[in-house]
Amino acid sequence: MSSRIGVVTFPGSLDDRDAIRAVTLAGAEAVSLWHADATLQGVDAVVLPGGFSYGDYLRCGAIARFAPVMEPLIKAARDGMPVLGICNGFQILCESHLLPGALTRNDHLHFICRDQRLQITNTTSAWTSNFDMNQEIVVPLKNGEGGFVADERTLDQLEGEGRVIARYLEVNPNGSRRDIAGICNEAGNVVGLMPHPEHAVEALTGPTVDGLGFFTSVLKSLVDNGKVLA
Amino acid sequence: MSIDNVASAKANSNIEQPFAALGLKPDEYERIKEILGRRPTSSELAMYSVMWSEHCSYKSSKVHLRQFGSKVPANDSMLVGIGENAGVVDIGDGWAVTFKVESHNHPSYVEPYQGAATGVGGIVRDIISMGARPVAVMDPLRFGAPDHPDTRRVVNGIVAGIGGYGNCLGLPNIGGELIFDPSYQGNPLVNALCVGTMKHEDIHLAKASGVGNAVILYGARTGGDGIGGVSVLASETFDADGPAKRPSVQVGDPFMEKLLIECTLEVLHAGLVEGIQDLGGAGISCATSELASNGEGGMHVWLDRVLLRDSTLSPEEILMSESQERMCAVVEPNKVDAFLDVCRKWDIEAVVIGEVNSSGRLTVDWHGEQIVDVPPRSVAHDGPVYERPLARPTWMDARQADAPTPERLARPTTAAQVRETLLLMVAAPNLASKTWVTSQYDRYVRGNTVLAQPEDSGMIRVDEVTGRGIAVSTDCNARFAALDPYRGAQLAFAESYRNVAITGARPLAVTNCLNFGSPEDAGVMWQFEQAVTGLADACLDMGTPVTGGNVSFYNQTGDVAIHPTPVIGVLGVIGDVANRTGMEWKTAGESIYVLGVTRDELAGSEWAHEIHGHLGGLPPVLDLNVEKALAEVLIQGSQDGVLSAAHDVADGGLAQAFIEMALRADRGATISIPANIDPFVFMWSESASRAVVVVPEHHEQALASLCSGHGVVATRVGSVDDSSELIFSGVYGESVKATIDELRSTSEAVLPALFG
Numbered sequence: 001m002s003s004r005i006g007v008v009t010f011p012g013s014l015d016d017r018d019a020i021r022a023v024t025l026a027g028a029e030a031v032s033l034w035h036a037d038a039t040l041q042g043v044d045a046v047v048l049p050g051g052f053s054y055g056d057y058l059r060c061g062a063i064a065r066f067a068p069v070m071e072p073l074i075k076a077a078r079d080g081m082p083v084l085g086i087c088n089g090f091q092i093l094c095e096s097h098l099l100p101g102a103l104t105r106n107d108h109l110h111f112i113c114r115d116q117r118l119q120i121t122n123t124t125s126a127w128t129s130n131f132d133m134n135q136e137i138v139v140p141l142k143n144g145e146g147g148f149v150a151d152e153r154t155l156d157q158l159e160g161e162g163r164v165i166a167r168y169l170e171v172n173p174n175g176s177r178r179d180i181a182g183i184c185n186e187a188g189n190v191v192g193l194m195p196h197p198e199h200a201v202e203a204l205t206g207p208t209v210d211g212l213g214f215f216t217s218v219l220k221s222l223v224d225n226g227k228v229l230a
Numbered sequence: 001m002s003i004d005n006v007a008s009a010k011a012n013s014n015i016e017q018p019f020a021a022l023g024l025k026p027d028e029y030e031r032i033k034e035i036l037g038r039r040p041t042s043s044e045l046a047m048y049s050v051m052w053s054e055h056c057s058y059k060s061s062k063v064h065l066r067q068f069g070s071k072v073p074a075n076d077s078m079l080v081g082i083g084e085n086a087g088v089v090d091i092g093d094g095w096a097v098t099f100k101v102e103s104h105n106h107p108s109y110v111e112p113y114q115g116a117a118t119g120v121g122g123i124v125r126d127i128i129s130m131g132a133r134p135v136a137v138m139d140p141l142r143f144g145a146p147d148h149p150d151t152r153r154v155v156n157g158i159v160a161g162i163g164g165y166g167n168c169l170g171l172p173n174i175g176g177e178l179i180f181d182p183s184y185q186g187n188p189l190v191n192a193l194c195v196g197t198m199k200h201e202d203i204h205l206a207k208a209s210g211v212g213n214a215v216i217l218y219g220a221r222t223g224g225d226g227i228g229g230v231s232v233l234a235s236e237t238f239d240a241d242g243p244a245k246r247p248s249v250q251v252g253d254p255f256m257e258k259l260l261i262e263c264t265l266e267v268l269h270a271g272l273v274e275g276i277q278d279l280g281g282a283g284i285s286c287a288t289s290e291l292a293s294n295g296e297g298g299m300h301v302w303l304d305r306v307l308l309r310d311s312t313l314s315p316e317e318i319l320m321s322e323s324q325e326r327m328c329a330v331v332e333p334n335k336v337d338a339f340l341d342v343c344r345k346w347d348i349e350a351v352v353i354g355e356v357n358s359s360g361r362l363t364v365d366w367h368g369e370q371i372v373d374v375p376p377r378s379v380a381h382d383g384p385v386y387e388r389p390l391a392r393p394t395w396m397d398a399r400q401a402d403a404p405t406p407e408r409l410a411r412p413t414t415a416a417q418v419r420e421t422l423l424l425m426v427a428a429p430n431l432a433s434k435t436w437v438t439s440q441y442d443r444y445v446r447g448n449t450v451l452a453q454p455e456d457s458g459m460i461r462v463d464e465v466t467g468r469g470i471a472v473s474t475d476c477n478a479r480f481a482a483l484d485p486y487r488g489a490q491l492a493f494a495e496s497y498r499n500v501a502i503t504g505a506r507p508l509a510v511t512n513c514l515n516f517g518s519p520e521d522a523g524v525m526w527q528f529e530q531a532v533t534g535l536a537d538a539c540l541d542m543g544t545p546v547t548g549g550n551v552s553f554y555n556q557t558g559d560v561a562i563h564p565t566p567v568i569g570v571l572g573v574i575g576d577v578a579n580r581t582g583m584e585w586k587t588a589g590e591s592i593y594v595l596g597v598t599r600d601e602l603a604g605s606e607w608a609h610e611i612h613g614h615l616g617g618l619p620p621v622l623d624l625n626v627e628k629a630l631a632e633v634l635i636q637g638s639q640d641g642v643l644s645a646a647h648d649v650a651d652g653g654l655a656q657a658f659i660e661m662a663l664r665a666d667r668g669a670t671i672s673i674p675a676n677i678d679p680f681v682f683m684w685s686e687s688a689s690r691a692v693v694v695v696p697e698h699h700e701q702a703l704a705s706l707c708s709g710h711g712v713v714a715t716r717v718g719s720v721d722d723s724s725e726l727i728f729s730g731v732y733g734e735s736v737k738a739t740i741d742e743l744r745s746t747s748e749a750v751l752p753a754l755f756g
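Taken in sequence, the protein lines are chains Y and R.
Throughout the first sequence, residue numbering follows our numbering, covering 1 to 230 in sequence.
Throughout the second sequence, residue numbering follows our numbering, covering 1 to 756 in sequence.
Honestly, the hints are just simulated from the structure, not real lab data.
Treat the hints loosely; a few may be bogus.
[What the hints assert, rightly or not] If you want the footprint, here are the derived chain R segments under chain Y, 3+ residues with CB under 8 Å: (1) 157-167; (2) 364-371; (3) 509-516.
[Claimed, not checked] In silico negatives: residues of chain Y with every beta carbon more than 12 Å from chain R: (4) R4; (5) S13; (6) V31; (7) H110; (8) R114; (9) D115; (10) N143; (11) E152; (12) H196; (13) D224.
[Unchecked claim] If we take Cβ atoms under 10 Å as the criterion, some of the chain R residues that face chain Y in the derived model are: (14) T435; (15) D678; (16) Y732; (17) S735.
Note that beta-carbon positions come from the ideal geometry of N, C-alpha and C, so glycine has one too.
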């Protein structure tokens, strides 16, 4: 039995198809979840994809956080279900208080799309266990509001507990504090990532296939945790 | 508040109407009266004035554009031709593609961000209304002098507007153009191209057929934005002390457009729609009159049902509003509920505003009073057609005689001067790295982008199973068109055709955006006629039909028009995108060839423009048979896996082509300049029909036979190195070297320094 991974579509989600493709290429069954349905359809893990949910009105992710699907999702995440929020998904996870901090306007005030070098700095979270510690990868980054900020104590805590899962290398593309590209919650099942691993899953269309590692990681962790049979 | 209705127009025939302020000529106004047999109501006058405008009626260009219909190649793959929202082309395997480029020049100068944003929005709705899913956008842009104080405002606003709208819409931006020339100072050009894909059975057309069918307006509410001259009329009719002219630039909401795409594709695929039309220029007037005249010929509209953002709008304003993100659908009565359900799912407001009938008239009611009663064709299709006077400008002879000879323009004659020129050219704003712009656009979304800027064409995978895909390029060297508009248009087409073939895709169809000065200037009109004829002749010759396009006139300030700028988009098909040829030379030791012949052709070149500020002489010669032969080599070479890289030679000549390939690969090369050509000419001539190709040793024989089979001249000029230096040897007895780092830092610094 293969793992079933849900991908939520909010009004204004853009990278939902890409996330479905990535999940499928990693070997899981992708399940489309609709923002207005308060059900997760029994999936084993969920991806909140990139885009501009609700047009980024009010604040990125601020309205999506109240969508009906988020109610069971927040509960499941607190109970340990793996959840990956990419870009706008990361913003939604912060707005939902599943992750600390916030994402702010890029310091240079421009939208930026580039092939970004990252260093993986946590290999125990549900979404990074297939990487090597300090492994360098290249995946696309594209955001207008991707600057990760939190107070100094939270930043110290994230670093102290090994909860920074990836850092920007060579260029800090958006002014994120301490070059943070992604973080996880205390339990390691909820991960927020500003760059887009779902755009680096095929040699034909991506700069690399490094992004696949996030999706194969979750399959491994589901098996390791006995959620899914190997 | 009294409404000018049909009854009062009949009863009171001789009131004075502000037709001139609405842009209608006295004879046009007389013709409206003749059509109606009475004076028009204020609402009718408003409708005719916008639909008979140059923008909507093509009244000055129509007589020339007919050539695209009469010079159609025999074996074309057109499924839907000119006249619909966008042409549709068969690309095989049951797939069809629609693509179109449109201008949004004037609004983008007035309000760069919203002007450019709504330009993207408008072309995307054209593609949706054919039943296609939009899959990519491209943006050919032209600005004034890079160092002019106003250029910064325009560039920043337009680039941010395109990014802000397109990124939020979820469409990859896969290419375009970025060109600076003082001729565009007061008239920047923002052309927006969109390409969409669909299965053959999903093609939809804009027509209102089926008596009794409902006309549904859905999407954003109608507001007071984008009402141009009509506010003149509104203030005449109503409160003269009311608010001043409403803003005439529309404001875009890409989030609504994204919902509109998904909602529209869902109702189309569910079979709920008989006919569909987007609302662009001239808003409800355009949509209802076009739908009605393409269908059964009759329609009734209850205008007071239109959902409004501003309840104070007059009926004339509602008819004319160009509020964005609206669509109009014709739906069978028993499917209306299902249609409205889909709209609700996507949180989109929709309302039945009218009904198709067999009256042969378009009638509009406003709270029970009839305010419009017209034959719809007379509004939509039977506008005035002008045979404007045209005359070759008297200054053409002097301009063409002013050739860039060595005596007229000093050329580098030593290796040191060549190196100096090389670095100046790398820093030319028209040749410098465009990353500062393209990094503000999402090129990855949807996960099917195979090639994007700086590659010669954008390439999108259409079928994820078979790998079938399309390549699109847009090009125009307007300086060539300024020297000779006929040949200039052909050269623009040839470059675009070549850029598609370079990637391995076979060119299939053409779209165009014809940007010119005032049609009331006989010289401009002559340029237009020449350019259209040149393009139509070339398309016939090369077997690629024109599937649609757009004309933008009045791009001029005072008496000074822009360079004639016929931007040509070519679409090609490739059986499997895995076979595409990119521009990156990856492997040391591979051989570099120049295909085609380099002549002393510097007129209109980037070198003449950048170094000398010169424009004169005759543009490069073009032999379409040579262009076609070159394309065959490039396409066959890609299919057979002979070529490991290929790149077009155009602006900045061979020197620029080699530099771009080196920068793309982050790898150097040694180029030995052939002894039989002047090194300066070899590096910066812009002769047409040339490409640089790279082949591994074991394929050199295959390349040689391909080229001799097609009669293409191939010259081996060097090899890829395992180095970080680009070396030109044989430069007036010496070698000229530049490091990749030096070239990159120079090239990439230019745009951020000007606009960052």
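Right, here's what the structure says about each hint:
Note: the region 157-167 of chain R has 4 residues with beta-carbon separation from chain Y under 8 Å; the three-residue rule is met and the coverage holds. With 0 residues bearing a CB less than 8 Å from a CB of chain Y, the region 364-371 of chain R misses the requirement of three and the coverage assertion fails. Against chain Y, the region 509-516 of chain R contributes 0 residues with a C-beta closer than 8 Å to a partner C-beta. That does not satisfy the three-residue criterion, and the hint is violated. At roughly 21 Å, the least C-beta separation between Y:R4 and chain R is larger than 12 Å, which holds for a residue marked as non-interface.
Distance check on Y:S13: its Cβ comes as close as 8 Å (rounded) to a Cβ of chain R, failing to clear the 12 Å threshold; non-interface status is violated. The claim that Y:V31 lies off the interface holds: its Cβ sits roughly 18 Å from the closest Cβ of chain R, which is beyond the 12 Å cut-off. Against the 12 Å criterion, Y:H110 falls within the reach of chain R, whose nearest CB is about 5 Å from its own CB. With 12 Å as the threshold on Cβ separation, the claim that Y:R114 sits away from chain R is violated: the shortest Cβ distance comes to roughly 6 Å.
The claim that Y:D115 is not at the interface with chain R is violated, since a C-beta of that chain comes within 12 Å of its own (minimum 9 Å). With a least CB separation of 9 Å from chain R, Y:N143 falls inside the 12 Å interface cut-off, contrary to its annotation. Every CB of chain R lies more than 12 Å from the CB of Y:E152, the least distance being 30 Å, so the non-interface label holds. Distance check on Y:H196: its Cβ comes as close as 7 Å (rounded) to a Cβ of chain R, failing to clear the 12 Å threshold; non-interface status is violated.
Residue placement check: Y:D224 keeps its beta carbon more than 12 Å from all beta carbons of chain R (closest about 29 Å). Interface restraint check for R:T435: the shortest CB-CB distance to chain Y comes to about 8 Å, inside 10 Å, so the restraint holds. Because the closest C-beta pair between R:D678 and chain Y is about 40 Å apart, greater than 10 Å, the hint is violated. For R:Y732, the interface hint is violated, the least distance from its beta-carbon to any beta-carbon of chain Y being 40 Å, above 10 Å.
At about 33 Å, the closest approach between the beta carbon of R:S735 and any beta carbon in chain Y exceeds 10 Å, and the interface hint on this residue is violated.
Taken one by one, the earlier hints fail for this structure at numbers 2, 3, 5, 7, 8, 9, 10, 12, 15, 16, 17, listed in ascending order.
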